[in-house]
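Participant: If you use our numbering, the sequence shown closes out at 440, no skipped numbers anywhere.
Misleading hints may appear alongside valid ones.
What the hints assert, rightly or not - Restraint-style ranges between C-beta atoms, simulated for each label pair:
(1) P426 with A373: 34 to 44 Å
(2) E427 with I404: 35 to 45 Å
(3) P426 with P380: 20 to 30 Å
(4) P380 with S422: 10 to 20 Å
No lab work stands behind these hints, which were simulated from the structure alone. Yeah, the Cβ is synthetic: ideal placement off N, Cα and C, and Gly gets one too.
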Amino acid sequence: MADEITSVFAALAHPTRRQILQDLKSGELAAGEIAARFASTAPTISRHLAALRTAGLVTERRDGNRIFYSLVPERLALSVGDFLSAVCPEQMVLRETRKRVTR
338 MADEITSVFA
348 ALAHPTRRQI
358 LQDLKSGELA
368 AGEIAARFAS
378 TAPTISRHLA
388 ALRTAGLVTE
398 RRDGNRIFYS
408 LVPERLALSV
418 GDFLSAVCPE
428 QMVLRETRKR
438 VTR
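Please work from the sequences and hints to get the whole structure.
Facilitator: Now the structure itself:
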C-alpha cells in the first residue's frame with residue numbers, strides 16, 4: 338500500500354503530469370493530442386504518461402497505431418483521500434461540514 342501511494346504522489350509531483358490529469362478530466366485523449374498541448378518533446382510526454390500509468394492514475398487503450406489515455410479518478414481520489422485521512426483525520430469532518438453548508 339505504501340508503495341502504491343508513493344507512486345501516486347511521485348506522479349503528482351510534476352506540474353506537467355498534473356496538467357495532463359486536468360486535461361483528461363473532460364474525457365479520453367490520444368497521446369498525440371496530449372503531446373500537442375505542451376512545448377515538451379513527444380518522448381518527454383510519453384515518459385510522463387508512463388509515470389501516470391504506472392501509478393494507476395490513467396489507463397491506455399490502443400486503436401490501431403493510436404494510443405488513447407483516460408483518467409482513473411477513483412484511484413486519485415482514494416489514494417489522496419487515504420493519505421489525508423491518515424495524517425489529518427479532521428479532513429473527513431471538514432468535508433462533511435462543507436457538504437452540509439453548500440446544500
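Participant: Now tell me, hint by hint, if it's right for this structure.
Facilitator: Structure-based check of each hint:
1. Checking the proposed 34 to 44 Å range against P426 and A373 shows it holds: the Cβ atoms sit about 43 Å from each other.
2. In this structure, E427 and I404 meet the distance hint of 35 to 45 Å, their C-beta atoms being roughly 41 Å apart.
3. For the pair P426 and P380, the beta carbons lie near 42 Å from each other, so the given range of 20 to 30 Å is not met.
4. The hint said 10 to 20 Å for the Cβ distance between P380 and S422, and at roughly 37 Å that hint is violated.
In this structure, the hints that do not hold are numbers 3, 4, in rising order.
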